[in-house]
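Take any residue in the sequence shown, note its place counting from 1, add 1104, and you have its number in this note's numbering.
Worth flagging that the hints you see were computed from the coordinates, not collected in a lab. Yeah, the Cβ is synthetic: ideal placement off N, Cα and C, and Gly gets one too. A couple of the hints might just be wrong.
Computed list of lysine-lysine pairs in DSS-like fashion (alpha-carbon distance at most 30 Å, straight line) [to be verified]:
| # | residue 1 | residue 2 |
| --- | --- | --- |
| 1 | LYS1221 | LYS1144 |
| 2 | LYS1210 | LYS1221 |
| 3 | LYS1291 | LYS1303 |
| 4 | LYS1303 | LYS1185 |
| 5 | LYS1185 | LYS1221 |
| 6 | LYS1221 | LYS1289 |
| 7 | LYS1271 | LYS1298 |
| 8 | LYS1144 | LYS1298 |
| 9 | LYS1221 | LYS1250 |
| 10 | LYS1250 | LYS1289 |
| 11 | LYS1298 | LYS1221 |
| 12 | LYS1181 | LYS1221 |
| 13 | LYS1181 | LYS1210 |
| 14 | LYS1250 | LYS1181 |
| 15 | LYS1298 | LYS1210 |
| 16 | LYS1250 | LYS1271 |
| 17 | LYS1144 | LYS1303 |
| 18 | LYS1210 | LYS1271 |
| 19 | LYS1289 | LYS1271 |
| 20 | LYS1267 | LYS1289 |
| 21 | LYS1185 | LYS1289 |
| 22 | LYS1250 | LYS1267 |
| 23 | LYS1144 | LYS1210 |
| 24 | LYS1271 | LYS1181 |
| 25 | LYS1185 | LYS1298 |
| 26 | LYS1210 | LYS1250 |
| 27 | LYS1271 | LYS1291 |
| 28 | LYS1289 | LYS1303 |
| 29 | LYS1250 | LYS1303 |
| 30 | LYS1210 | LYS1291 |
| 31 | LYS1267 | LYS1291 |
| 32 | LYS1289 | LYS1144 |
| 33 | LYS1267 | LYS1303 |
| 34 | LYS1271 | LYS1303 |
| 35 | LYS1210 | LYS1289 |
| 36 | LYS1144 | LYS1291 |
| 37 | LYS1303 | LYS1181 |
Restraint-style ranges between C-beta atoms, simulated for each label pair [to be verified]:
| # | residue 1 | residue 2 | range |
| --- | --- | --- | --- |
| 38 | ASP1153 | LYS1181 | 20 to 26 Å |
| 39 | ASP1290 | LYS1267 | 15 to 21 Å |
| 40 | LYS1267 | LEU1137 | 16 to 22 Å |
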Amino acid sequence: MASDNQIIIEQTRAYVQQTLQNAEAGHDWWHILRVWNNAKLIGSQEQVDMIVVELAALLHDIADSKFHNGDEEIGPKTAGKFLRSLGVDEDVVFHVEQIIRNMSFKASLGTVSFSSKELEVVQDADRLDAIGAIGIARAFTYGGFKNRELYNPGIAPNLNMSKEEYKSSSAPTINHFYEKLLLLKDKMNTETGKQIAAKRHEFMERYLVQFYGEWNGEM
1105 MASDNQIIIE QTRAYVQQTL QNAEAGHDWW HILRVWNNAK LIGSQEQVDM IVVELAALLH
1165 DIADSKFHNG DEEIGPKTAG KFLRSLGVDE DVVFHVEQII RNMSFKASLG TVSFSSKELE
1225 VVQDADRLDA IGAIGIARAF TYGGFKNREL YNPGIAPNLN MSKEEYKSSS APTINHFYEK
1285 LLLLKDKMNT ETGKQIAAKR HEFMERYLVQ FYGEWNGEM
């Protein structure tokens, strides 16, 4: 017989899958599923409350601010409203809301006022999906969605962006590697996350060598 937590997780999975069925491909249900699986893998190696980890992983992009006019509260509010509708314990709801509010790379550029091991696990799980082969695919998918150039040698990466500059950037997708993706390896929190990130980081470095070689007609 399924436990109450298992029922809540299944109801949440169904809600997220339905809500994000037509989402941009880099932030759709498949992204959520990968992050959820990453979170379960990493969380199994940590002393954490897995119901919090799983619910936060499932709901972390339920209403991403970049698709809602930059509203950074719509995500945690939407998640909290849904979880309360299921009768989830208020302490769990609050924790999930705080994770969603504070886990993004964008949030790390501002003031982060909350921390927990559960946040670290979900943050690592999400960041792993932003690097490696899938991370590259997601970067170019979102760049295409925003009609950005692939690369422009005349536009240098901004390596000291503020949170607001990051949110409003329309730079070529290759710049995003230097402004975010290549920085994530050293921002991982957990040992499991660090080990996986190292391999994916190396793949991105090899990809960039190949990209520039092809761009310049050298290979």
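Quick rundown of the hints versus the structure:
Under the criterion of a C-alpha separation no larger than 30 Å, the hint pairing LYS1221 with LYS1144 is consistent with the structure, at around 13 Å. Using a Cα cut-off of 30 Å, the hinted pair LYS1210 and LYS1221 holds, with the two alpha carbons roughly 19 Å apart. The straight-line distance between the Cα atoms of LYS1291 and LYS1303 is roughly 14 Å, inside the 30 Å bound, and the hint therefore holds. At roughly 38 Å between alpha-carbon atoms, LYS1303 and LYS1185 are farther apart than 30 Å, so this suggested pair is violated.
Between LYS1185 and LYS1221 the CA atoms are separated by roughly 23 Å; this keeps the pair inside 30 Å, and the hint holds. The suggested pairing of LYS1221 with LYS1289 holds, with an alpha-carbon distance near 18 Å, which does not exceed 30 Å. Straight-line distance between C-alpha atoms of LYS1271 and LYS1298 comes to about 26 Å, which keeps the hinted pair within the 30 Å bound. For a cut-off of 30 Å, the pair hint linking LYS1144 to LYS1298 stands: about 15 Å separates their Cα positions.
Only pairs whose Cα atoms come within 30 Å are accepted, and LYS1221 paired with LYS1250 is rejected, the gap being roughly 34 Å. Pair hint LYS1250 plus LYS1289 holds up; C-alpha atoms about 26 Å apart against a cutoff of 30 Å. A C-alpha spacing of about 15 Å is found between LYS1298 and LYS1221, which places the hinted pair at or below 30 Å, so the restraint holds. The straight-line distance between the Cα atoms of LYS1181 and LYS1221 is roughly 22 Å, inside the 30 Å bound, and the hint therefore holds.
The straight-line distance between the Cα atoms of LYS1181 and LYS1210 is roughly 18 Å, inside the 30 Å bound, and the hint therefore holds. Simply put, LYS1250 and LYS1181 have alpha-carbon atoms about 26 Å apart, close enough for the 30 Å limit, and the pair holds. Under the criterion of a C-alpha separation no larger than 30 Å, the hint pairing LYS1298 with LYS1210 is consistent with the structure, at around 20 Å. A hinted pair counts as satisfied when its Cα atoms are at most 30 Å apart, and LYS1250 with LYS1271 qualifies at roughly 13 Å.
Between LYS1144 and LYS1303 the CA atoms are separated by roughly 19 Å; this keeps the pair inside 30 Å, and the hint holds. Only pairs whose Cα atoms come within 30 Å are accepted, and LYS1210 paired with LYS1271 is accepted, the gap being roughly 7 Å. For a cut-off of 30 Å, the pair hint linking LYS1289 to LYS1271 stands: about 21 Å separates their Cα positions. For the proposed pair LYS1267 and LYS1289, the alpha carbon gap of about 20 Å is at most 30 Å, so the pair holds.
For a cut-off of 30 Å, the pair hint linking LYS1185 to LYS1289 is broken: about 33 Å separates their Cα positions. Restraint check for LYS1250 and LYS1267: satisfied, since their Cα atoms lie roughly 19 Å apart, inside the 30 Å limit. Annotation: proposed proximity of LYS1144 to LYS1210 holds, straight-line Cα distance about 24 Å (limit 30 Å). At roughly 20 Å between alpha-carbon atoms, LYS1271 and LYS1181 fall within 30 Å of each other, so this suggested pair holds.
Between the alpha carbons of LYS1185 and LYS1298 the distance comes to roughly 33 Å, so the proposed pair goes past 30 Å and is violated. As the CA atoms of LYS1210 and LYS1250 are separated by approximately 18 Å, the hinted pair is consistent with the 30 Å bound. A distance of roughly 19 Å separates the Cα atoms of LYS1271 and LYS1291; the hinted pair therefore holds under the 30 Å criterion. Proposed proximity of LYS1289 and LYS1303 is supported: the alpha carbons are some 9 Å apart, at most 30 Å.
Between LYS1250 and LYS1303 the CA atoms are separated by roughly 29 Å; this keeps the pair inside 30 Å, and the hint holds. For the proposed pair LYS1210 and LYS1291, the alpha carbon gap of about 13 Å is at most 30 Å, so the pair holds. This hinted pair checks out: LYS1267 and LYS1291 have alpha carbons roughly 17 Å apart, not beyond 30 Å. At most 30 Å may separate the alpha-carbon atoms for a hinted pair to count; LYS1289 and LYS1144 meet this at roughly 19 Å.
Taken as a hint, the LYS1267 and LYS1303 pair is honoured in the structure, with Cα atoms around 28 Å apart against an allowance of 30 Å. For the given pair, LYS1271 sits about 28 Å from LYS1303 by alpha-carbon distance, which is consistent with the 30 Å threshold. The suggested pairing of LYS1210 with LYS1289 holds, with an alpha-carbon distance near 16 Å, which does not exceed 30 Å. Under the criterion of a C-alpha separation no larger than 30 Å, the hint pairing LYS1144 with LYS1291 is consistent with the structure, at around 19 Å.
About 35 Å separates the Cα atoms of LYS1303 and LYS1181, which puts this hinted pair outside 30 Å; it is violated. Remark: the range hint 20 to 26 Å for ASP1153 to LYS1181 is upheld by a beta-carbon distance near 22 Å. At roughly 19 Å, the beta-carbon separation of ASP1290 and LYS1267 lies within the given 15 to 21 Å, and the hint holds. Between LYS1267 and LEU1137 the beta carbon distance is about 28 Å. The supplied range of 16 to 22 Å is therefore violated.
Going down the numbered hints, you'll see the structure goes against 4, 9, 21, 25, 37, 40, while the others check out.
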